[in-house]
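Undergrad: Protein chains in written order, with this note's numbering: chain F, 1 to 295; chain D, 1 to 329.
Note that these hints are calculated values from the structure, not bench results.
Be careful, since some hints might not be right.
What the hints assert, rightly or not - No more than 27 angstroms apart at the CA atoms, straight line, and that leaves these computed lysine-lysine pairs for DSSO-like: (1) D/129 / F/20; (2) D/129 / D/211; (3) F/20 / D/211.
Stated by the list, open to error - If you only want the chain F side, here are some residues facing chain D, beta carbon under 7 angstroms, derived: (4) 15; (5) 17; (6) 19; (7) 38; (8) 46; (9) 52; (10) 92; (11) 118; (12) 170; (13) 238; (14) 240.
Yeah, the Cβ is synthetic: ideal placement off N, Cα and C, and Gly gets one too.
In case you want the letters, here they are:
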Amino acid sequence: MTTAMTAVSATASTVATRQKRTRSVVFHVLVIAIAVVILYPGVWMVMSSFKPNGDIVGNVNLWPETWTLDNYASALGGIGGVSFWTFALNSLILAVGSVVGIIASATVSAYAFARISFPGRGVYFAVMIGTMLLPFHVVIIPQYILFNSMGMVNTFLPLLAPKFLATEAFFVFLMVQFLRGLPRELDEAARIDGCGHWGIFRLVLLPLMRPAVITSAIFAFIWSWNDFLGPLLYLKRPDTYPLPIALRLFVDQTSVSDYGAQMAMAVLALVPVLLFFVVFQRYLVDGVATQGLKG
Amino acid sequence: MSATTTERGRQAGRGSARGATASSAPARGGATKPPRSRADTRAGYAFLSPWLLGFVLLTAGPMLMSLYLAFTDYNLFRAPEFVGIDNFTALFADPRFLKSAQVTAIYVLVGVPVKLAAALAVAALLNAKHRGQGAYRSMFYAPSLIGASVSVAIVWRAMFIDDGVADQIQQLFGFPAGGWVGDPSMTMPMMILLAVWQFGAPMVIFLAGLKQIPAELLEAAAVDGAGPIRRFLSVTLPMLSPVLFFNLLLETIGAFQVFSSAFIISGGTGGPADSTLFYTFYLYLKGFTEFRMGYASAMAWVLVLVVGIITAILFRTSRAWVHYTGDVR
Numbered sequence: 001m002t003t004a005m006t007a008v009s010a011t012a013s014t015v016a017t018r019q020k021r022t023r024s025v026v027f028h029v030l031v032i033a034i035a036v037v038i039l040y041p042g043v044w045m046v047m048s049s050f051k052p053n054g055d056i057v058g059n060v061n062l063w064p065e066t067w068t069l070d071n072y073a074s075a076l077g078g079i080g081g082v083s084f085w086t087f088a089l090n091s092l093i094l095a096v097g098s099v100v101g102i103i104a105s106a107t108v109s110a111y112a113f114a115r116i117s118f119p120g121r122g123v124y125f126a127v128m129i130g131t132m133l134l135p136f137h138v139v140i141i142p143q144y145i146l147f148n149s150m151g152m153v154n155t156f157l158p159l160l161a162p163k164f165l166a167t168e169a170f171f172v173f174l175m176v177q178f179l180r181g182l183p184r185e186l187d188e189a190a191r192i193d194g195c196g197h198w199g200i201f202r203l204v205l206l207p208l209m210r211p212a213v214i215t216s217a218i219f220a221f222i223w224s225w226n227d228f229l230g231p232l233l234y235l236k237r238p239d240t241y242p243l244p245i246a247l248r249l250f251v252d253q254t255s256v257s258d259y260g261a262q263m264a265m266a267v268l269a270l271v272p273v274l275l276f277f278v279v280f281q282r283y284l285v286d287g288v289a290t291q292g293l294k295g
Numbered sequence: 001m002s003a004t005t006t007e008r009g010r011q012a013g014r015g016s017a018r019g020a021t022a023s024s025a026p027a028r029g030g031a032t033k034p035p036r037s038r039a040d041t042r043a044g045y046a047f048l049s050p051w052l053l054g055f056v057l058l059t060a061g062p063m064l065m066s067l068y069l070a071f072t073d074y075n076l077f078r079a080p081e082f083v084g085i086d087n088f089t090a091l092f093a094d095p096r097f098l099k100s101a102q103v104t105a106i107y108v109l110v111g112v113p114v115k116l117a118a119a120l121a122v123a124a125l126l127n128a129k130h131r132g133q134g135a136y137r138s139m140f141y142a143p144s145l146i147g148a149s150v151s152v153a154i155v156w157r158a159m160f161i162d163d164g165v166a167d168q169i170q171q172l173f174g175f176p177a178g179g180w181v182g183d184p185s186m187t188m189p190m191m192i193l194l195a196v197w198q199f200g201a202p203m204v205i206f207l208a209g210l211k212q213i214p215a216e217l218l219e220a221a222a223v224d225g226a227g228p229i230r231r232f233l234s235v236t237l238p239m240l241s242p243v244l245f246f247n248l249l250l251e252t253i254g255a256f257q258v259f260s261s262a263f264i265i266s267g268g269t270g271g272p273a274d275s276t277l278f279y280t281f282y283l284y285l286k287g288f289t290e291f292r293m294g295y296a297s298a299m300a301w302v303l304v305l306v307v308g309i310i311t312a313i314l315f316r317t318s319r320a321w322v323h324y325t326g327d328v329r
């Protein structure tokens, strides 16, 4: 009797584990299939950049039959007498400038929204949220007229000034949310110790905002690095081009057949983004998950 | 604007949404709240000055200027000349404008639902507890980070051109040969594929929302005899509706503004046969290659109105299908 019962429960548990295992296999098969489709274009790009020029378009296989670095040589050669490194430096200046501007302006503005009580704050906050839903194309023409009249076309100022004025509400909002999670008792304690608002912000809260600052900095860097429309509007001299605009010029100037060099330059332009992704993927994905921030 | 709803959506997965309303700002903890003082007002405006300055100089001011320009003829070199509603009447008689509106409408109406369906399906798949979930989540998110870049647009063009990878694969399955880039009837599917490829960002948000659904609810439904599909439709989906609403709103607004991929893939033309002439692309061509800035401003304001109306409709209808359960989060 007892042996029969243990036998029954034993078969039941093997059935359960077998079911579990089948489900797990189905899960992994499905997910790996999706992963293959998702990763294919990226891997194809990287692998194509090492293939001889004639062997790229139409080659479904990822692995190059013959490896070559010629594509990188011509990509690094630059365009129209401007070196690749000039474009990369321009991209870097714009991205670092954006990070500095956004962090400086968004932390301060967020402190006002989250921690100072003053008339009109609620209205300003609602307006700020509203600007997140506004198609920004409505301001590009007047902004262009404005910056053009100040002689700022072909400088980085029209691209960087807005970052220092917290026009990207996403970042302000992200930091307001973060500040709201920090206990108010901290402010009180600092106030009793004689701190004003600047002291509370600078000495107490800003150091605690590190996670929000890091997440914002990574996104600010990547968005600026990938930005195409802004530089397209304001930067017209090749020596001021950042990588995306240079890449476009490269595609336009090289004949259709030079896919190798295009792929190599496309890869080079993505290297910093991919590095950021590999190193900070937790910050990025958790940032999206908790704040709803778009990538 | 009903900022509250947006904020709730953004906070999906945060657990602190309770009671914090956006429009009234963070006036919580009445006991510890310091009394308003003139010093606070001064400090408030001082700290807010970067944003205030930016809003006045770079958003509100330009919006008013653009509204004025929409009623003028202006080419950057001569003073704006007031023309009444001529720009708007010209718009609706301009076949390229109508084409660009049509292209964008199809892209939004088809691309957004397909992308969100993919995001939700994969999120539901990943939500089951299996090993390697975190790695897959990161991997699937990656395209969202680079999808709008010029690099990816170049790759897309190379893959979908005549004799390209897509062409090879479709021939393998017995479909007629031909690249997608040069075929006006295939460019839209190609652009939508590029959008759907970036399903990772909404997927990550869905996944965070799914994790917030209490397991007891699903178990209770199972005990009551609900099968997996029934549980998904009657428990998961309603519980997920705030997140769904948030994703729908942001993806829709984002889809209206697609520009750089179409620009690169079509080589700056919007072709073939204007089939990739997205709204903002045409706006750019009018404003910055033809320098018809009055006309482009009128286009910009039509876009603001359309997006505004759609946002309002989404918020309005959301009352019927978005469920906020204050206790659970």
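Undergrad: Just pull the numbers of the violated hints for me, sorted ascending.
TA: 4, 5, 6, 8, 9, 10, 12, 13, 14
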